[in-house]
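Protein chains in written order, with my numbering: chain A, 1 to 263; chain B, 1001 to 1565.
There's no promise every hint is true.
As the list claims (entries may be wrong) - Stretch by stretch, here's where chain A covers chain B in the computed footprint (C-beta under 8 Å, at least three residues): (1) 1072-1084; (2) 1241-1251; (3) 1321-1333; (4) 1348-1356; (5) 1457-1468; (6) 1537-1551.
Claimed, not checked - Each computed SDA-like pair below joins lysine to any residue, with the alpha-carbon atoms no more than 25 Å apart: (7) A/Lys182 x A/Pro98; (8) A/Lys184 x A/Asn104; (9) A/Lys184 x A/Val245; (10) A/Lys106 x B/Ala1548; (11) B/Lys1293 x A/Glu108; (12) B/Lys1559 x A/Arg99; (13) B/Lys1355 x B/Trp1498; (14) A/Lys106 x B/Pro1558; (15) B/Lys1560 x A/Pro98; (16) A/Lys182 x A/Glu108; (17) A/Lys184 x B/Pro1323; (18) B/Lys1293 x A/Ile107; (19) B/Lys1293 x A/Phe79; (20) A/Lys219 x A/Trp151; (21) B/Lys1293 x A/Asn104.
Since the hints were derived computationally from the structure, they do not count as laboratory data.
Yeah, the Cβ is synthetic: ideal placement off N, Cα and C, and Gly gets one too.
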Amino acid sequence: MKKLNYRRDTPSGPGGRRRLLGRAGWRTPVALGGAALALSACNVTDFGMHTGATSQGSDIFHLYQTFIYMAMGVAIVTFGALLYVLLRYGRRKGDGVPRQRHSNVKIEIVYTVIPAIIVAVIFFMTVGTENKVDAVSHNPSLNLTVTGFQWGWRFTYPDGVSVVSQGTNYPQMVLPEGETTKVKLVSQDVVHGFYVPAFNFSRYALPGVTNYFDLTPNKLGTFIGRCSQLCGLYHAEMLFSVRVVTPAQFNAWLSSQGKGATA
Amino acid sequence: MTIAEERSELAHEPDAGGHHGPSGIYKWLTSTDHKVIGKNYMYTSLVFLMIAGAMAMIIRAQLVQPDGHIVSQQMYNELFTIHGSIMLYLFAGPFAFGGFANFILPLQIGAPDMAFPRLNALSYWLYLTGGTTMLMGFFVTGGAAAFGWVSYAPLSSYTNSPGPGPDLWIVAIALTGFSGIFTAVNLVTTAFYLRAPGMTMFRMPIFTWNMVVTGILILIAFPILTAAMVMLYADRHLGTHFFTVAGGGSPVMWQNLFWFFGHPEVYILALPYFGIASEVFPVFAKKPIFGYKGLVFATLAIAGLSTGVWAHHMYTTGTVLLPFFAALSLLIAVPTGIKVFTWIGTLWGGNLQFKTPMLFALGFLVTFTMGGFSGVMLASPPFDFAVHDTYFVVAHFHQVLAGTAVFAGFAGFYYWYPKLTGRMMRESLGKLQFWIAFIAFNMTFIPQYLAGLRGMPRRIPVYLVSDHVTFLNQVSSVGAFLTGFSFLIWLLNLWISWRKPIAAGDNPWDGHTLEWATSSPPPHHNFTSLPPIRSQRPVWDQNHPEYADYNTEHDGTPKKGVEAK
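Isolated chain A (complex conformation) (with noise of 0.2 Å):
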């Protein structure tokens, strides 16, 4: 079994499930959710999200960032309207009876189209967005397994090199920058959901399913990894990272780890 080495900014830094389940931290909650409030004002027009460290990942970026603006929009009409409802004829004192209107067809024509038409447009963004982030390459830079079971991960890269979690230690998935590694998806045992928050995506690993994706990371660095999917009493603790590298350094590693290095 290989010793995986971990930066202390990982988050399965020294210590691994201690480290998550130990230290009460009481101390630090309030200083890290300003520090967080902090670092989304820093780019506001992020509203919240990563900004994606594979290109399929910006995509969907962008989308959302679409989304984001054209919800705006859509808010601002309609509790406008509310708003305008409320301020407008709020104020009436007394039973009066006001004008008994019905219906205007007009009207309701306009507010049936008008959605109609912000619904198609973003079925055919959502359309193209979604060619791109599930296409899967015929030849890719890299072909990698990755398997999830109870409660671990095992990544599985060409000439027997492979990570698994052992313990408390939580496994790490190495990736070439700027190439696109094609990922086998299975599970061994119940529903698991491979996510990387920072990557926008996820997806599940079914038992008898395959399942395969493209990721081509574009941002150097290390991230981390979780089960998405509830899959039984240590689902919170299914951890993996993602340590994205040059290609340079990703060959390093890999012809490192020898064949067949880990159990």
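We have chain A already, so just place chain B on it with the hints.
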């Protein structure tokens, strides 16, 4: 000549309406009166709401710290499973289509009772049995079911979830499922066959319409759920392999079956509350509902579409045709938008009375619309890939479902409480409850959107300091505790109305529909006589003859030949 006067001689009899059945506890246990059963349903489901709400408080307490130790991980999994199961199967649905619909629907169409009173009683007892069966899970070896309210196979198999707790859960769902089916049969039959003379389909109040559509949806969706539960039970104990790969089964089939029930289910839960809002807005704006037929067709469209969108819960399985389900899911936004604009149109030009029911209905409108925005986003598969199974989804469905059930539910409760009991609730306490609940509710769920976007998965009892979601979770927890507190104000209000009643009278809100044409509470078999039903608002027509609907054009001007007042 008003109804009340016609009934005046009856009022001197101790038991108005001539019903001489049992009284006291025996009345509650043996009655087949839709009003008694409706109240049974309502109070039972509110008790379940309190139980599941208390579970939510424990869940939120656990999440105040990244490594909270309020409960064990196993207990946490049991708590959110039963919290979700109670809220969806035992509170939101039964409160509306067991409680409100049972009590109000026959009154609104001028019927003396439901079509099948004994079946109605059976529904309630099945529901109560199912509910207690589910809670019994906490008292057996191995604890209650801990696989989430969706019970995904193969986590719910006997190997992965042994013990009697999951079996009790399955039996509970099957029993409440049958209860729902029987109630749906009853509601639909009642609305189709027991309408009073003059009450055509297009004169039925929107609440009744929504209950009819809900009933039809229940008849489509619930049998699938019950069948799936039978399969799951057979897999666990009879050696079948519906959902096990080793035996040639398919875990994905569970998800298809479950969500084929599950997505209509969310509209089964939501449509009744839309109906309540559609009753409250017109009454407190002193106007008819705007675009009645558009609203009815929008409801039918939502129901139709809801049977074709189940796989938007399965985008990340990689096994479904994404564009098809995305298109249908997005399309639901159109009829839903029609509803929102219809409600705004109803308020437009009205004489708005901000009584407690109106405030709660407005609170529903705001939270539901916000939840609708995130719903449209989630209908887009690529965005769903990013936030599926995170707190973004948790925030979304709590805003649309919990927001709907709580705010529109309380709107209905405050609106019909005078009819249920003949007493008024205190306005001041009601308004206080509303403002605390409204602020606290949004304080609970808006931070959860941000936590989800940051990557916090749902159903985790612990998270990392490095996730930067601690502060968001703390805000959310404080909001949740305040929401819980707002319920105590409501209980206080109930207690005061019980100890120091204020008589409500027959029609305290200047209501429009037939339930306000009888006494509060209504006598056995409901009506001693009915006003003429010549429009959607017979009671309004009677009380405001100069503005009667049948004398008014669609734009509110008097019809030709009728003198303007």
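### Message
Tell me the hint numbers this structure goes against, listed in increasing order.
### Response
7, 8, 16, 20
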